[in-house]
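Engineer: Just need the whole structure built from these sequences, with the hints factored in.
2 protein chains.
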Amino acid sequence: MTLQYLSQQIYQKKSYLCVGLDTDPVKIPKHLQAFPDGVFEFNKQIIDATKDLCVAYKINSAFYEAMGAKGWDIMQRTNAYIPSTHFKIADAKRGDIGNTSDQYAKAFFEVLNFDAVTVAPYMGKDSITPFLQYPGKWAIVLGLTSNKGSDDFQQIKVGNHYLYEEVIEKVAGWGTKENVMFVVGATKASDISDIRKIVPEHFLLVPGVGFQGGSLAEVSIAGINSEVGLLVNVSRAIIYAGATENFAAEARTIAQQYQQEMVRYIKD
Amino acid sequence: MTLQYLSQQIYQKKSYLCVGLDTDPVKIPKHLQAFPDGVFEFNKQIIDATKDLCVAYKINSAFYEAMGAKGWDIMQRTNAYIPSTHFKIADAKRGDIGNTSDQYAKAFFEVLNFDAVTVAPYMGKDSITPFLQYPGKWAIVLGLTSNKGSDDFQQIKVGNHYLYEEVIEKVAGWGTKENVMFVVGATKASDISDIRKIVPEHFLLVPGVGFQGGSLAEVSIAGINSEVGLLVNVSRAIIYAGATENFAAEARTIAQQYQQEMVRYIKD
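Chain order of the listed sequences is A and B. Each residue of the first sequence is one higher than the one before, counting from 751 in this note's numbering. Each residue of the second sequence is one higher than the one before, counting from 751 in this note's numbering.
These are computed hints drawn from the structure, not numbers from a lab. Keep in mind that the hints are not guaranteed to be accurate.
Claimed, not checked - One-sided excerpt, in silico: chain A residues whose CB lies under 10 angstroms from chain B: (1) 813; (2) 820; (3) 841; (4) 849; (5) 874; (6) 917.
Claimed, not checked - Far from chain B, some chain A residues (derived; all Cβ distances over 12 angstroms): (7) 929; (8) 968; (9) 995.
Beta carbons are placed, not taken as given, at the ideal position from N, Cα and C, and that holds for glycine.
Structural biologist: Dropping the structure here:
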């Protein structure tokens, strides 16, 4: 998916919401746990209930891998079920030496047909560039994450700035705003303005709103650029909004609250 | 697997060789490409031909993921085929926020039954500790990798040392020598002595010997400690040693050359 198309979708839907499908088989409603294909059924209903309110879905590969080969199959079918109008993110945090990153790019872009994969930067340029060789596909590189451990290395001082700033600056130079995005956690909304000085035009994928406590208002005010340039991900607060047979409608209600708040921040 | 058992196996076999199963379906011998289950058959024959010469196998998850759900199944069956006397490494470079790393740990330790997973450190402590909660299981954390891109971030100066030294020092404090190892690339053998000053007792997983050009002699002289403390991984130079029906015997010949050289470096 091109940046232009994604940006158009955002303006059209007045939404930069990404729904995170971190689907845990023990957390889905009881009546679905009895299904042989309960996780897929859950995802399907969540997608049906939210697709007009969001522009992207993010599938967290860990939850599917924890189901073994069957989970990989569910991930593939879930991704195929997402409409092609939506930006499909594999939140997989991959990254390895060049010949191995080639294989990951093949797995997520060719076999599974995602639009984007999240990538860890520690191994440097040749671990990231294999993800930049596919027209219309994206690497979403970890910048500043939303977890407590982001203090440990990302916020170490390197010269006169932080490691995460060094990462964002360097990685931005390896691609373009058409194939690189950055993960920037919402729990650090105050840092988003600083990051916007380094990459004013790149899209940022922002996790940490909802269950992890980040503020949509702060993130949006600090992060929105002329193409919006933000995808705000909410996972647990939406998909586990309800625990009964009515779960999809309850998920929709929460997704709608986020989308309606977003209307306020999108400039025409 | 405990450190004590692994160390015993090394002394008994006079080998700290790890064979890397980076099995690419288009690189296996032609006669196996016709098999419906050619990759598994290839792995099986490589394991049969090398198991008395090595103490560990490392499965590179990227190559299996590039085959989709079927690949995940082959990874599982390959791992199950490796004798329980061998240390089984998932080279998967995972790492995410705590609740997600929990799922990766479940995937690789419970579902797939690996002894160890390689983990990327960028997201910090809560991304790594979920891998340290399983008795006898290991996180092998990226320290200094063998690829060119290791210059980009790992070798940035942080205070009076390098980022990879900061990572190794800090991560070592989050676990023990009984559940944490480090990846240290053989292409930087001169750095191994410095790393030994930080973690004299931890096991190091050393890729980069063979196809990537690292020297077994240099790595061994700099890295061996009183429990040996090294696993030297060779992937392509062994598994693709031959391209005919005789490939397993040719792989064995190369594995044997490494093992016989290792005899010289293991102190009694």
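Engineer: May I ask you to test the interface hint for residue 820 (chain A) with respect to chain B, counting a Cβ-Cβ separation under 10 angstroms as satisfied?
Structural biologist: holds, 8 angstroms
Engineer: Just to be careful: measuring from the Cβ of residue 874 (chain A) to every Cβ in chain B, is the smallest value less than 10 angstroms?
Structural biologist: holds, 2 angstroms
Engineer: Once the shortest beta carbon distance from residue 841 (chain A) to chain B is found, is it less than 10 angstroms?
Structural biologist: Nearest chain B Cβ about 8 angstroms off; hint holds.
Engineer: Looking at residue 929 (chain A) again, its CB stays over 12 angstroms from all of chain B?
Structural biologist: Holds: least Cβ distance 17 angstroms, greater than 12 angstroms.
Engineer: At a threshold of 10 angstroms, is the proposed contact between residue 849 (chain A) and chain B supported by beta-carbon distances?
Structural biologist: holds, 8 angstroms
Engineer: Next item in the hint list is residue 813 (chain A). Is there a CB on chain B closer than 10 angstroms to its CB?
Structural biologist: At 5 angstroms from the nearest chain B Cβ, residue 813 (chain A) passes the 10 angstroms test, so the hint holds.
Engineer: Would you say residue 995 (chain A) is clear of chain B, with no C-beta pair closer than or equal to 12 angstroms?
Structural biologist: Given a closest Cβ separation of 26 angstroms, the condition holds.
Engineer: Go through the hint on residue 917 (chain A) and say holds or violated, using the shortest Cβ distance to chain B against 10 angstroms.
Structural biologist: holds, 6 angstroms
Engineer: So residue 968 (chain A) supposedly isn't at the interface. Is its beta-carbon more than 12 angstroms from every beta-carbon in chain B?
Structural biologist: Per Cβ check, residue 968 (chain A) is outside 12 angstroms of chain B; nearest 20 angstroms; holds.
Checked against the numbered hints above, the structure violates none of them.
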